[in-house]
Amino acid sequence: MAAPEPEDEHSEEPLKRSTAYAVFIAFVILQLVVPLTYYMRDDQYDERFAWRMFSAIRLYGCSTQALETRDGVETPLELGLLIHNAWINHLGRNRKSVAHAFLDRRCDEGAESVRIINQCRDVQGEPLPPQEYVETCDSGAIADPEAWGE
Amino acid sequence: MSKRKKRRRSAKASAPESAVSPTPAKREAPPLNEAHGVLARFVFGPVSTARTFLLLRGTLLLLAFDCWIDLVPHGGRYGIGGFNVAHFSVLDALLPTPTAGTYVGSLIFTGLLAFAMAFRPWRPGLALLCASYTYGWAMSMLDSYQHHYLISLLLFSFVFFPLTSAQRLSALKDEHSTASRVGGAFFLWGSYEVLAGLVDLPTPLRALFTDDTLLGGARASMLLFGFIGPLLLRREREAGAPSEDRVLRPAWGYVSITVTCAIVYFYTAVTKLSPDWRNGDALSRIGRSEAFDALKARALEGMGPFDAVDAATFWSVMAKGAIAVQLVSAAAFLLASTQDRKGRSWLAALALAPLSFHVGAETMGLSIGWFSYYMLAVVVVLFAPRSAIEAAAAAIAPAMAKASDALAKALTGPRQYVALAVGALITAVLMMEVDLPGALGAAFYIGAVLFFVGVFAHRRRTQRGPLGVAFGAAAIFAFISLTATSVRYDYYRFVGGDHRRRGEYAEALNAYEKANRYLVTPYCVYEGESRKLECYREESTAEREAARRGTGHFVRRNDRERQAQEMRDRVARDGA
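Protein chains in written order, with this note's numbering: chain A, 548 to 697; chain B, 7 to 582.
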């Protein structure tokens, strides 16, 4: 007789039918709802979990500049010396949470205020309004660019 | 007759199709409330376990190699400057900033787990795999590939898959003659040949045939025999045969995968309805490849019965075509799980939509990692005719069952704990040798997993010894993948490049020297000055390949020696 196969212990249905049905429905609803949230929020750049592969927004070309003020003097930052290139690309894609984390980091390191400015062009190469994120370090207040293009 | 009675009667009429067990009292879970109706029949409809068997194991194998070969090389960028943003803020709050070791270690661990689960699927292991893979991408936005999120969804569904054993599937042997099973093996091989050929991966036939016409003929013959062989050579299945009971079963985890794919394609199509996509502007930016250029050139001149079009029309038509193909793909995936029901075999034809889309994506050279490979493999398993997919399973299941039986017999009693310990030891020894951060950590966690497997086996009085063998085998394949390919070269050259950019020359020199030490294919064939095509271990092989490709192709050594020398000079200058 063949030795018992461990996986056979679990080869029957893993959950009761009614539980399985509930898990299935919940899983499907979750998958339908999560991408929909993209269309309801004001941050059109954050396309994660929305299945917007190769969307027109993803194809915008942006150049990123960061400036910080210390002792009342504003100087440009050499981003490549501070963070990995991949993060600079994220900043260029207007990933808000990355921009906020970077601004916070510079404030923690003694800046008075920090700005990130993205100059973007759409897929036709037309320039778009600049996207500017500013943190005033004393108050910790961050000003995000206004939503546009909707 | 009331509608309700009619529904009930039609449900009974379809019973032989869905309730496949001759011993329903033992196997079948209680039926759902009638009110669930069509949806419940869709979710719990019969699926050939040959599909679930091949889909689970094939995807996990692909995942293991994806983790080791495609993802590990990018680990060097994690933790640089102590900066990180996770996909979910809770991870930033709870966990320390990930480092290269965290990322590489978690990916090696995930690959080892995926490989072991492909051979010895175990539900807690599959749940852990889903969690570790998800942590792998969720720990940082540095990994923002959307298809990694998709794979997490697939792994979640795998947790609820029927874990059909090879022994159970061996019943298929009774209805597939040896010739039919050979046809099944050819189907698997032919599918790999055709799909891998389309995306320019190495294949056994590619190595055998240098002539493209002969190669195409061989691939087509193999696939044709794989399709037709099982159809013609299969023995007639008797009604209610035991094999039917073993093969057709409800598999809601599988249905969840088909629905997940349908949702993804649907939303992807919806995204492309924006004007920038519909007018072709977006596609014209990403569709820059030789194949697309050639197609565009022909369209501009006029193709067959079609008049010549201008470039804008070409891109607009292609973009709208992509939207249509994705919508058809969504419908195809939604229906795919019903293919094994009577009269639904025509659904196999719908595979053309997703196949054409992913082959097109690969032809365009989009940077989407191994996504197309996953989807091409998934499409083959989901849509192949039942006879072909079952013949393929019948070709490999008996050998797997035999090996599995032998292992289970050999590793009884205390010997199973020895097997688990040896699995952990092999993993530790091999991971110590790969010289990548986090590799030893991955081995430690595998050891912890095997320890808990042993405790579990002891408490439940079950046999888990073969899992030790599966992890040992996984470690050997991980070691080969990490050391015999360009993984370590790529990892260290990326690290070197980053240090160099930031003026950390000593660290850059160290990384470049390691990159050169681990270079396995130094001789590359170039087209023109800068377009690298393929790299080889032997210069003579590269020269032969360049000659085969014709004028304009030549061989150049591709390493980081120049950069290393530059760093040596800078370090010496700074030291002086």
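For the record, the hints were derived by calculation from the structure and aren't laboratory data. Since the model is a prediction, treat every value here as computed from it, not as a measurement. Take these hints with a grain of salt, some might be off.
To be verified - Cβ pair distances, simulated, as ranges:
| hint | chain 1 | residue 1 | chain 2 | residue 2 | range |
| --- | --- | --- | --- | --- | --- |
| 1 | B | Tyr151 | A | Leu579 | 32 to 40 Å |
| 2 | B | Glu510 | A | Ile572 | 51 to 59 Å |
| 3 | A | Ser565 | B | Val424 | 37 to 45 Å |
Unchecked claim - Far from chain A, by Cβ distances over 12 Å, these chain B residues were calculated:
| hint | residue |
| --- | --- |
| 4 | Val265 |
| 5 | Asp282 |
| 6 | Arg284 |
| 7 | Phe485 |
| 8 | Arg568 |
Stated by the list, open to error - Computed footprint of chain B on chain A; a stretch qualifies when at least three of its residues, placed anywhere within it, have a C-beta under 8 Å from a C-beta of chain B:
| hint | region |
| --- | --- |
| 9 | 562-569 |
| 10 | 611-622 |
| 11 | 628-641 |
| 12 | 644-650 |
| 13 | 655-665 |
| 14 | 674-687 |
Yeah, the Cβ is synthetic: ideal placement off N, Cα and C, and Gly gets one too.
message: Need the list of violated hint numbers for this structure, in ascending order.
response: 1, 4, 5, 6, 10, 13 and 14
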